[in-house]
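Sequences listed follow chains A and B, in order. Residue numbering for the first sequence follows our numbering, beginning at 1 and increasing consecutively. Residue numbering for the second sequence follows our numbering, beginning at 1001 and increasing consecutively.
Take these hints with a grain of salt, some might be off.
What the hints assert, rightly or not - Far from chain A by the CB rule (all over 10 Å, computed), these chain B residues: (1) Arg-1062; (2) Asp-1081; (3) Pro-1114; (4) Ala-1120; (5) Ile-1124.
Unchecked claim - Pairs of lysine-lysine, DSS-like flavour, derived with a Cα cap of 25 Å: (6) B:Lys-1103 / A:Lys-52; (7) A:Lys-61 / A:Lys-98; (8) B:Lys-1103 / B:Lys-1003; (9) A:Lys-21 / B:Lys-1113; (10) A:Lys-148 / A:Lys-13; (11) B:Lys-1089 / B:Lys-1113.
To be verified - What follows is a list of derived Cβ distance ranges for each label pair: (12) B:Asp-1087 / A:Lys-52: 31 to 39 Å; (13) B:Asn-1036 / A:Trp-85: 37 to 45 Å; (14) A:Ile-31 / B:Thr-1039: 41 to 49 Å; (15) A:Leu-111 / B:Ala-1064: 54 to 62 Å; (16) A:Gly-39 / B:Ile-1056: 30 to 38 Å; (17) A:Pro-99 / B:Ala-1035: 31 to 39 Å; (18) B:Gly-1044 / A:Gln-130: 23 to 31 Å; (19) B:Thr-1012 / A:Met-1: 37 to 45 Å; (20) A:Lys-61 / B:Thr-1039: 49 to 57 Å.
It is worth saying that the hints were derived from the structure and are not from the lab. All C-beta atoms in this analysis are idealised placements derived from N, C-alpha and C, irrespective of residue type, glycine included.
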Amino acid sequence: MNTFEFFNQHFGKHLVEQQGKPHEAVARALITSHMLASGRRSRLTSGWAIVKPKMATMQLKLATPCINYDERTRTQAFLFELEHWIQTPTLFMVFDKKPLSVTDLFLTVDLRAVRICTPAGVQTFDYTQQPTELSPQYHRLLFRERCKHASGIQHQ
Amino acid sequence: MEKLAITATLATPFVTGGGYMTFDAVMNTYSLICANSITCCDEGDRSQIENLVTPIYFIGTRRASGFGEVSSWEIEEGVSDGLTGSDNKPLRPIPEAAFTGDKTSLCADAGWKPAYWHPANRSICYVPELLL
């Protein structure tokens, strides 16, 4: 299974009709507007999504009931997923005003090559290693959040 | 079938990248690689591979602009099949189902067949660590 089939099977099918080639359906899901829980329509322009087999979770509340909704921040949600890694293919997506490009969608299947898909490009890093100054933004953010979380537990 | 090292001696630098999903008016970016030659490892019939590569005069992208001109091809006996190294680690992306080497190797979503840039040609593969 490639990234697009994975995306459509576990996330995209809840958003758009599955017509044409898999990557065309993915592009439609990322570019077109969707019905929000509030009754308005909007593209996926904010928040995040984590797609795992048979389970998609996202921050932006859509009208579809087939997706789990979660109010945590991007770093909190990604950190939780990586800290509780169960060796299953996962898609980490960050949404912003600029649509996420289909060419920047990559599955994460190994903690040594975590891939965060953002509208500015995909960020790849080794989660088992500490970040350096040159590490991608999300590697540094997740490490900082992890340290904060660890010190919070120690204080308790 | 024998292990072969196929070398293209280059007259001009070669270019990679630039692929895009549509033919819309988009700015493509390319990587320019300056090298005297490029060698790939393979396993196959020497004479048939010779017939296959000899008519190739350019490699990479932007060939019409003169990049990647091949001045000669050389086929020698090789030591690797081009798939796994002596440590059993992958030398290129190999789909999970086809990989017979060290299963503790790095695993990632990667393009494993041409056009490598096209996401439809990606799959979960064992990959060399240098690739990421």
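Status of the hints after comparison with the structure:
Even its closest Cβ contact with chain A, about 19 Å, leaves Arg-1062 of chain B beyond 10 Å, as expected for a residue assigned away from the interface. Remark: the non-interface label on Asp-1081 of chain B is consistent with the geometry, its nearest Cβ contact in chain A lying 24 Å away (cut-off 10 Å). At the 10 Å boundary, the C-beta of Pro-1114 of chain B stays outside the reach of chain A, the nearest C-beta of that chain being 15 Å off. With a cut of 10 Å on Cβ distances, Ala-1120 of chain B falls inside the contact zone with chain A, its closest approach being about 6 Å.
Against the 10 Å criterion, Ile-1124 of chain B falls within the reach of chain A, whose nearest CB is about 5 Å from its own CB. Taking the CA atoms of Lys-1103 of chain B and Lys-52 of chain A, the gap is about 22 Å. The hint holds against a cut of 25 Å. Among the hinted pairs, Lys-61 of chain A with Lys-98 of chain A is consistent with the structure: their alpha-carbon atoms are about 19 Å apart, no more than 25 Å. The suggested pairing of Lys-1103 of chain B with Lys-1003 of chain B holds, with an alpha-carbon distance near 23 Å, which does not exceed 25 Å.
Straight-line distance between C-alpha atoms of Lys-21 of chain A and Lys-1113 of chain B comes to about 18 Å, which keeps the hinted pair within the 25 Å bound. Restraint check: the Cα-Cα separation between Lys-148 of chain A and Lys-13 of chain A comes to about 37 Å, which exceeds 25 Å; the hinted pair is violated. For the proposed pair Lys-1089 of chain B and Lys-1113 of chain B, the alpha carbon gap of about 19 Å is at most 25 Å, so the pair holds. Between Asp-1087 of chain B and Lys-52 of chain A, the C-beta spacing of about 32 Å keeps the proposed range 31 to 39 Å intact.
A C-beta distance of roughly 44 Å is found between Asn-1036 of chain B and Trp-85 of chain A, which places it inside the suggested range of 37 to 45 Å. The hinted window of 41 to 49 Å between Ile-31 of chain A and Thr-1039 of chain B holds, with their beta carbons roughly 42 Å apart. A hinted range of 54 to 62 Å is violated for the C-beta pair Leu-111 of chain A and Ala-1064 of chain B, which are about 43 Å apart. Against the hinted window of 30 to 38 Å, the Cβ-Cβ separation of Gly-39 of chain A and Ile-1056 of chain B comes to about 59 Å, which falls outside the hint.
Checking the proposed 31 to 39 Å range against Pro-99 of chain A and Ala-1035 of chain B shows it holds: the Cβ atoms sit about 37 Å from each other. Distance hint check for Gly-1044 of chain B and Gln-130 of chain A: the Cβ-Cβ separation is about 44 Å, which falls outside the suggested range of 23 to 31 Å. Look at Thr-1012 of chain B against Met-1 of chain A: about 40 Å separates their beta carbons, and that is inside 37 to 45 Å. Separated by about 54 Å at the C-beta atoms, Lys-61 of chain A and Thr-1039 of chain B satisfy the suggested range of 49 to 57 Å.
Hint compliance for this structure: hints 4, 5, 10, 15, 16 and 18 are broken, all remaining hints hold.
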